[in-house]
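> Protein chains in written order, with the numbering used here: chain A, 1 to 81; chain B, 1 to 81; chain C, 1 to 152; chain D, 1 to 152.
Just so you know, these hints were derived from the structure itself, not from any lab. One should not assume that every hint holds.
Claimed, not checked - Below 25 Å or equal to it, Euclidean Cα-Cα: the simulated DMTMM-like pairs (lysine to aspartate or glutamate) are:
| hint | chain 1 | residue 1 | chain 2 | residue 2 |
| --- | --- | --- | --- | --- |
| 1 | D | Lys61 | A | Glu71 |
| 2 | D | Lys61 | A | Glu21 |
| 3 | D | Lys145 | A | Glu71 |
| 4 | D | Lys23 | C | Glu10 |
| 5 | D | Lys127 | C | Glu10 |
| 6 | C | Lys23 | D | Asp45 |
| 7 | C | Lys142 | D | Glu105 |
| 8 | C | Lys142 | B | Glu19 |
| 9 | A | Lys2 | D | Glu60 |
| 10 | D | Lys144 | D | Asp45 |
| 11 | C | Lys23 | C | Asp11 |
Keep in mind that this is a model prediction, so the values were computed, not measured.
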Amino acid sequence: MKILFFAALRERLGCDSYELETALPTDINTVRSALQQAFPAQAGELTTERALAAVNQTLIHDNASINDGDEVAFFPPVTGG
Amino acid sequence: MKILFFAALRERLGCDSYELETALPTDINTVRSALQQAFPAQAGELTTERALAAVNQTLIHDNASINDGDEVAFFPPVTGG
Amino acid sequence: MMIFIAVQAEDFDVATEYAELRKDNRSDGAVVFFSGLVREMNQGDSVSGMALEHYPGMTEKALRQIVDEAAARWPLNRVRLIHRVGTLRVSDQIVFVGVSAAHREAAFAACHFIMDFLKNRAPFWKKEVTASGERWVEALSKDKKALDKWQK
Amino acid sequence: MMIFIAVQAEDFDVATEYAELRKDNRSDGAVVFFSGLVREMNQGDSVSGMALEHYPGMTEKALRQIVDEAAARWPLNRVRLIHRVGTLRVSDQIVFVGVSAAHREAAFAACHFIMDFLKNRAPFWKKEVTASGERWVEALSKDKKALDKWQK
Chain A
1 MKILFFAALR ERLGCDSYEL ETALPTDINT VRSALQQAFP AQAGELTTER
51 ALAAVNQTLI HDNASINDGD EVAFFPPVTG G
Chain B
1 MKILFFAALR ERLGCDSYEL ETALPTDINT VRSALQQAFP AQAGELTTER
51 ALAAVNQTLI HDNASINDGD EVAFFPPVTG G
Chain C
1 MMIFIAVQAE DFDVATEYAE LRKDNRSDGA VVFFSGLVRE MNQGDSVSGM
51 ALEHYPGMTE KALRQIVDEA AARWPLNRVR LIHRVGTLRV SDQIVFVGVS
101 AAHREAAFAA CHFIMDFLKN RAPFWKKEVT ASGERWVEAL SKDKKALDKW
151 QK
Chain D
1 MMIFIAVQAE DFDVATEYAE LRKDNRSDGA VVFFSGLVRE MNQGDSVSGM
51 ALEHYPGMTE KALRQIVDEA AARWPLNRVR LIHRVGTLRV SDQIVFVGVS
101 AAHREAAFAA CHFIMDFLKN RAPFWKKEVT ASGERWVEAL SKDKKALDKW
151 QK
């Protein structure tokens with residue numbers, strides 16, 4: 001599955017998306033851990049504190065299941081307005 | 001001393017000011033009572049609920065003393081904005 | 001601190017007021033404004049217009065006191081307050097309060113505070129024209145209650 | 001209920017937005033708007049400009065959810081919300097939120113609510129340009145705390 005990154009997280013990971021090999025369905029906690037293993041040097045940027053998660057363009061506050069075709073994204077706390 | 005009236009109170013009393021004969025200094029409660037005697041049919045319009053008082057263009061919430069030259073006014077609760 | 005207060009029969013232009021709040025202003029991140037309009041319906045009746053009376057001399061003084069109190073409570077940089085008097089029709093502008101500040105919390109609170117106190121302390125009175133004749137608007141208890149939130 | 005939401009690189013015109021809130025509107029007595037501007041100083045440093053990144057697709061959806069939530073809480077008639085993206089300079093306009101309602105309490109609360117939630121939920125990120133280079137703006141705990149007042 002393809003994971004999107006934005007803003008500072010995108011820059012620190014050095015890519016705006018990542019193709020994660022994973023069995024589906026899965027959940028956002030599992031994906032987050034897999035990303036921390038894929039980017040060990042940036043694992044601290046991928047904690048729940050430092051990286052929010054959205055599934056299908058909606059912010060996810062708890063663990064959420066992820067199915068085939070879902071759009072998954074991670075990004076830093078937002079700073080608009 | 002001259003007392004000013006505004007808005008509905010002015011209309012109901014039928015005048016925009018009234019020359020009250022009174023010894024000075026006095027206070028706003030004494031003036032209010034004197035006005036209620038001067039306008040007995042409209043005494044109900046001159047209660048503290050129905051008529052606010054201002055001395056020298058400042059709203060008065062408690063009893064306030066009035067001296068020679070002070071500008072005294074009574075008017076209904078305000079409805080601007 | 002820049003303060004502008006006007007009581008006038010003429011209409012005001014919100015774009016001009018907003019431009020004055022922004023002019024050469026590099027320090028403020030937040031502008032909040034309130035604009036009050038004449039509603040067609042009030043207290044259950046259809047209104048075709050109104051006359052706004054005030055107490056000349058006291059009005060400006062009362063408005064200034066309210067703005068000064070807001071400026072004492074929150075860090076504001078500019079406040080512009082205009083209140084119209086005289087004859088107004090439905091959907092006409094009645095009052096404008098514009099506040100600029102570094103941050104939004106101060107700007108929102110001050111603008112709201114100024115309107116709440118203006119409603120209770122500034123000597124303006126509305127006389128509405130309805131199908132059944134003219135009537136003085138009665139002060140509402142909800143406007144008095146609106147002050148409660150500003151108790152320290 | 002009329003809702004307009006836009007995410008755009010182009011500047012917006014507050015007078016146009018205000019006119020849209022008032023157009024053929026005889027029922028609303030209160031318009032409140034917020035305008036956010038680029039400040040010269042932020043978190044102690046001099047800022048010469050910024051770049052605003054967003055998550056296309058999610059942005060509009062998140063803004064719409066915030067506006068819908070506000071409309072569910074307060075009786076509103078019109079909401080207009082514009083957020084810019086791309087390159088901005090000091091004193092440029094960033095965001096506009098305009099709300100019209102019959103009464104001022106609803107208009108003030110909804111406008112403030114929309115800004116507080118936008119600050120925490122809408123996927124925008126600011127990268128500031130300072131004398132010592134570019135930096136991503138860090139989210140502030142005070143913005144998160146600002147949501148507390150809207151707990152039911």
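> Given the hint that Lys142/C pairs with Glu19/B, test it: the Cα-Cα distance must not exceed 25 Å.
violated, 36 Å
> Assess, step by step, whether the Cα of Lys23/C is no farther than 25 Å from the Cα of Asp11/C, and give holds or violated.
Since the Cα atoms of Lys23/C and Asp11/C sit roughly 21 Å apart, the hinted pair holds (cutoff 25 Å).
> Starting from Lys145/D, check that the Cα of Glu71/A is at most 25 Å away, please.
violated, 29 Å
> Compare the distance between the alpha carbons of Lys127/D and Glu10/C with 25 Å, and conclude whether the hinted pair is satisfied.
With a Cα-Cα distance of about 44 Å, the restraint between Lys127/D and Glu10/C is violated, given a limit of 25 Å.
> Taking 25 Å as the top limit, are the C-alpha atoms of Lys23/C and Asp45/D close enough?
Holds: Lys23/C and Asp45/D sit about 22 Å apart, inside 25 Å.
> Would you check the hint for Lys61/D and Glu21/A, treating anything up to 25 Å between C-alpha atoms as holding?
violated, 28 Å
> Quick one, are Lys142/C and Glu105/D close enough, alpha carbons at most 25 Å?
holds, 10 Å
> Compare the distance between the alpha carbons of Lys2/A and Glu60/D with 25 Å, and conclude whether the hinted pair is satisfied.
Holds, because 22 Å separates the two Cα atoms, which is no more than 25 Å.
> Take the C-alpha atoms of Lys61/D and Glu71/A, compute the straight-line distance between them, and say whether it is at most 25 Å.
holds, 14 Å
> Between Lys144/D and Asp45/D, is the straight-line Cα distance small enough, at 25 Å or below?
Roughly 22 Å separates the two Cα atoms, so the pair holds.
> Need the status of pair Lys23/D, Glu10/C: alpha-carbon distance at most 25 Å?
Distance ~20 Å between Lys23/D and Glu10/C Cα, so the pair holds.
Of the hints listed earlier, those the structure fails to meet are numbers 2, 3, 5 and 8, in rising order.
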